[in-house]
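Each residue of the sequence shown is one higher than the one before, counting from 1 in the numbering used here.
Source of the hints: derived by calculation from the structure; they are not laboratory data.
Hints are supplied without guarantee of correctness; some may be wrong.
Restricting the straight-line Cα-Cα distance to at most 27 Å, the calculated cross-link-like pairs of lysine-lysine (DSS-like) are [unchecked claim]:
#, residue 1, residue 2
1, Lys-139, Lys-74
2, Lys-3, Lys-135
3, Lys-88, Lys-135
4, Lys-74, Lys-115
Note that the coordinates shown come from a computational prediction; the quantities given were computed from them, not determined experimentally.
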Amino acid sequence: MNKKIWVIITFLAIAVAGYSIVQYFILGADQAGLVQMKLMSLSKLSTFWYTMLFIHVATSVVALVIGPFTLSTKFREKNINRHRWLGKVYMIGILLGGCSGLYLAFYATGGLVGKLGFGFLSIFWLVSAYQALVKIKDKNVHDHQKWMIRNYSLTFAAVTLRIWLPLFMLLFGLERFELSYSIIAWLAWVPNLIIAELYIQRKLNK
1 MNKKIWVIIT FLAIAVAGYS IVQYFILGAD QAGLVQMKLM SLSKLSTFWY
51 TMLFIHVATS VVALVIGPFT LSTKFREKNI NRHRWLGKVY MIGILLGGCS
101 GLYLAFYATG GLVGKLGFGF LSIFWLVSAY QALVKIKDKN VHDHQKWMIR
151 NYSLTFAAVT LRIWLPLFML LFGLERFELS YSIIAWLAWV PNLIIAELYI
201 QRKLNK
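Hey, can you work out the whole structure from these sequences and the hints?
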């Protein structure tokens, strides 16, 4: 991966991770814009929903920050044991983040389209992580790298969602929030996955 691109991805990942920690664990989940919008249509959210939200945010943040270092060739070559250790932590983050995300998808804003968008994101997130794990257990490093790139492109949806959201709010306003969010539920990760696949075809399939 190009160093400049790696730096940009890492910076954005850390920035969004820091924002999420402040928003959900310091200011409180009820102060988060997405939760407030949900409370406008629902009078109350269950304790279990909040528990799953906190699990999802905490574990996804860990995966988001660790991901760029697991993908770095230089880091892997110089710190193979740390790479393996970080990879294990990353996989735990995906497992917990994906399962909690799948639960939360059933309550996603944006109607059925929004629910399906986030639901498929969680499923593909878990499946791609499983494929990456299978490949490395078979000592197929090349295919393992491909699946890890695909997987992190889905992890990075946490960043792209927060790029698209303010743009849609500026263009369409709060009165069309539900429609905007149903589109973002797909836009946050499908282009990421396409870009990842194009990168794999150009750089790793030579």
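Evaluation of the provided hints:
no. : hint              : result
1   : Lys-139 to Lys-74 : holds (19 Å)
2   : Lys-3 to Lys-135  : holds (26 Å)
3   : Lys-88 to Lys-135 : holds (14 Å)
4   : Lys-74 to Lys-115 : violated (39 Å)
Hint compliance for this structure: hint 4 alone is broken.
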